[in-house]
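Given chain E, put chain F in place with the hints provided.
Protein chains: 2
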Amino acid sequence: MKYTLRDAELLQTIFSSRRDVRGNRFVDAPIDDEVLRKILEAAISAPSVGFSQPWKFVIVQDHAKREEIYEEFVRENTKASKLFEGNLLYDTLKLEGIKESAINIAVLYKKPTKTVLGQTTQKKMGEYSVVCAIQNLWLMARAYNIGVGWVSILRAKKVKKILGIGNEYKLIGYLTLGHVNEFLDEPELLKLGWENKKTIDEVVEWV
Amino acid sequence: MKYTLRDAELLQTIFSSRRDVRGNRFVDAPIDDEVLRKILEAAISAPSVGFSQPWKFVIVQDHAKREEIYEEFVRENTKASKLFEGNLLYDTLKLEGIKESAINIAVLYKKPTKTVLGQTTQKKMGEYSVVCAIQNLWLMARAYNIGVGWVSILRAKKVKKILGIGNEYKLIGYLTLGHVNEFLDEPELLKLGWENKKTIDEVVEWV
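Protein chains in written order, with the UniProt record's numbering: chain E, 1 to 207; chain F, 1 to 207.
So here's chain E without its partners, still in its complex pose (with noise of 0.2 Å):
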C-alpha cells in the first residue's frame, strides 16, 4: 500500500481534531454496535511488543458501577485540588464524563505468562503497547466523530476492585466515549491559556 500525500494530510487533520471530552460536552445518545467494533478493531491493530496483545477492554455500562466510579473520581480530585491551590481555575474545568457519555472502558494491561520477545529489557513494553493501542482506540472514535475522555484522576486498584478485575491485569487508562455537541477547535487547557503550545524546535535536538 502506497499512500499520498492527501492520506497523510487526512491523517494530520484527524490528529489534530481529536479532543479530551469531558462530561460538559457529552450528548445523551448510545454508541451504534458497529461502530464501537470498529473503534476496537482500530485498538487492536496497535502495535505490541512481541505481537504479545497484552490488552483487554471493560465496556462498563452499569449505572451503579459508573457511580461508584464517579465517587472515586471526586475523592481523588478533591486531594487533587489542594495542590493547586492558589489556582482559582483548576476548581471550575470539568476533568472527567464519567455518568454523562455513553460507555466507559477500563483498558488493561495482562501481565505476562511467559516470555515476551522484546520484552526482557525493557519491562515496561508491555504497558506501553496498551497505551498505543488507547492511542488507535482514540483516533478512530474521532473519526466516528465519538469523543473520546481519559480519566486519570482515579486510583488503578480501586477501579479494578469496582469492576471485579484481579491481580493478573493492571489498569493503564479508564475512558468515557460518547457523542458531542462539539468538538472544540483547540485543546481547552491551551484556549485557557494554561499551558502553551510547544514547537517542533523546542522539543528535537540532533547529535
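Treat the hints as calculated values from the structure; they're not laboratory data.
Take these hints with a grain of salt, some might be off.
As the list makes no split between identical chains, a pair holds if one copy fits it or if it spans any two.
[To be verified] Taking lysine-lysine pairs in the DSSO-like style, the calculated list, with each CA pair at most 27 Å apart, reads: (1) K110 - K82; (2) K123 - K191; (3) K65 - K124; (4) K197 - K111; (5) K99 - K65; (6) K111 - K99; (7) K161 - K114; (8) K157 - K170; (9) K197 - K110; (10) K160 - K99; (11) K161 - K124; (12) K65 - K110; (13) K157 - K114; (14) K111 - K94; (15) K94 - K79; (16) K110 - K198.
Relative to the frame of chain E, chain F by itself:
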C-alpha cells in the same frame, strides 16, 4: 470537522498497514527534511496529560553513536536469546535496524518540575503521553511510506549515557526510521506463527 465513513476506512488501512520495520527492510535513502518535520508535527499532536507535552526527540545521525547503541543491543540480545533457548526461531530474527535506517530517534519523557494537572494520582500518565506521541509518529511515518522500528532490547541508562542525556529525562522509546523495500502485509511474528492474532471477542468484556 465531521469525518465520513471513507475517512474512517482510510484510517483503519493506515493502522493495519503499519509495521515494525527492521534492518532487513530499510533501504539506503535519506528522509526528506520536510517529511521528517511532518512526522514530528504528528508526534506533537498527540494527547498529553494536563497538556504538559512532556516529550523530547533526539535525532541520532552520528554513526559512531549508532555503532555504540548497536553494540548495546547485541549485548542485551545475547542475554535475551538465552531466555528463549530451545526456540530456534529467535536467533534467526532480525530485531533492529539501528545501522541500516536513515535516522534513529530517542524519544524521551521530561520529568515534571511542577504539579501536572491529571497526573496527581497516576504518576505514569506523563510517560503514557510520550507513548501516544510515538504512536502518532509511527502512523504518520507510514502515511509518508516511511518505515519505523521500535528497538526495545536496549538498557535505557546505557542509551542515555551514549547520547549524553541528563537525569531529567527518561528514555521511553528508541526508534529507527527509513525508506523500505517492502512493508509486510502482516506482522512478521504473525506470519512466522510466533503468536496468533487475538480477536475482539477474546479481549473485550462487558459489565
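Sort out which numbered hints this structure fails and list those numbers smallest first. Of the numbered hints, just 6 does not hold.
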